[in-house]
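Single-letter residue listing:
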Amino acid sequence: MASRASRSSRTSARRAAGELEAEVLAALWAADGAVTAAQVRQAVAGGLAYNTVQTILVRLYEKGLIGRVADGRRHEYFPVKGAEELAAEQMQALLSRGQDRQAVLQRFATSLSVEDAQALRAMLRRRP
Amino acid sequence: MTFSVYVPAALSLLLAAISRIVVARTAPTRAAAFVVAAMLCASAATWGLILLAATLLGNTSLVTEEANERGVQLQDPVPALIGVTAVVLLILGTVRVVRVLRARRATIRELRAVCRSCGHGELAVVALDAPHAFAVPGRPGRILITRGLLSALDGDERRVVLAHERAHLQSRHHWLRAATEVCAAVNPVLIPVREAVAFLVERCADEHAARVTGSRALVARALTKAALAGGATVTTKGAPGITPVWPVALAFAGCGVSARVAALHSDPPRPEPLVPGGVLALGVATTVAAVQATIAFFQLIYWLWPT
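Protein sequences appear in the order of chains A and B.
Mind the numbering: the first sequence is residues 1 to 128 in the working numbering, read in order.
Mind the numbering: the second sequence is residues 1001 to 1307 in the working numbering, read in order.
Keep in mind that the hints were calculated from the coordinates and are not lab data.
Some hints could be false.
Stretch by stretch, here's where chain B covers chain A in the computed footprint (C-beta under 8 Å, at least three residues) [as the list claims (entries may be wrong)]:
1. 22-30
2. 66-74
3. 88-96
4. 114-126
Negatives, chain A to chain B, calculated, CB over 12 Å [said to hold, decoys possible]:
5. Thr36
6. Ala37
7. Asn51
8. Gln54
9. Val58
Keep in mind the model is a prediction, meaning the values are calculated, not measured.
Note that the Cβ used here is the ideal one computed from N, Cα and C, for glycine as well.
Throw the hints in and build the complete structure from the sequences for me.
Structural data, given as structure tokens:
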């Protein structure tokens, strides 16, 4: 029983770390160009401690998911882009496939009709 | 037999009607109940078609000779035309199922290939401006997001997208969707159920993201911004000369995003029993009808067994 509890708490801690890694990586991709740890901290939700951000950046760097350049005493971080053009081409091809194939994609947000877009904009204005 | 064999088809229509009516109001966790009901309806209807098709055997010389030999008066339970129609429907259904499964497999394979090209790790980012985010099922599942979507959102909103896609992966929503896609391919009457389940799993993931981030308004905002970042690519339904890009999905999902945003702005869904009574009753009724049809069919042919 005790071992199960400790295992489950360990998994949840690990998952939380994984979630933070994804968020930091997402922030680096959203940023234009290389950014410092302080800038990453501002771009990630939830007001993380500077040290936490630093730790995650180091971990991502060790995994080879991000790169860094030295700028004076600080480091600036940027996402490692992998086979960037290949991925973009594959994705474009996938998005332009026929209707059968589109139905399979589970989209975060589907395309909108003009009325829907108007309604959503109105809602966004009312509740910023 | 002639009656109960048609019951699953009628109940499929009823289930389709129910899912159209209640989907906006039902608790998102009920998606699974709709999937089970759709599976029961689809399998009962298919079994009914098989039985109807099997009545054609009564016209073959093999059966008629056997009947003459034993002095059995052959009944003609249904007109041959219905038997033939059943055969045609079965063949069409099989073709559609194969097509759906192939499309699924190919799409998931391609999504995985994109993820691989992006590198390793849970999050895969594609350098595209179009805003998209997908949950890519697999072991482990991955989250595929375009750079366009990430830069359209702020830190809190990016967290929402990640939590939303993670909910799809953790709850294995792709199985629910796959099941209803197959059901709708077998029995096109169930297409509204497929759309309802597609909507409900999105709602599940939205509510999960709201629990993770602690704010339903934030999820609504992220969803709105993500949808608007894509621009209004599909014009008004029925506008002359313009074909919507995804006609089937649009029957529902065209207003899906606004419906999801509206749901997030209203009260959180109350915990409700996972299986709504109506859907449960439907499932039981189709099963009973299928069993009844089967018994009736065997009553027609029991004399074939050596005594």
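Which of the numbered hints above does this structure break? 2
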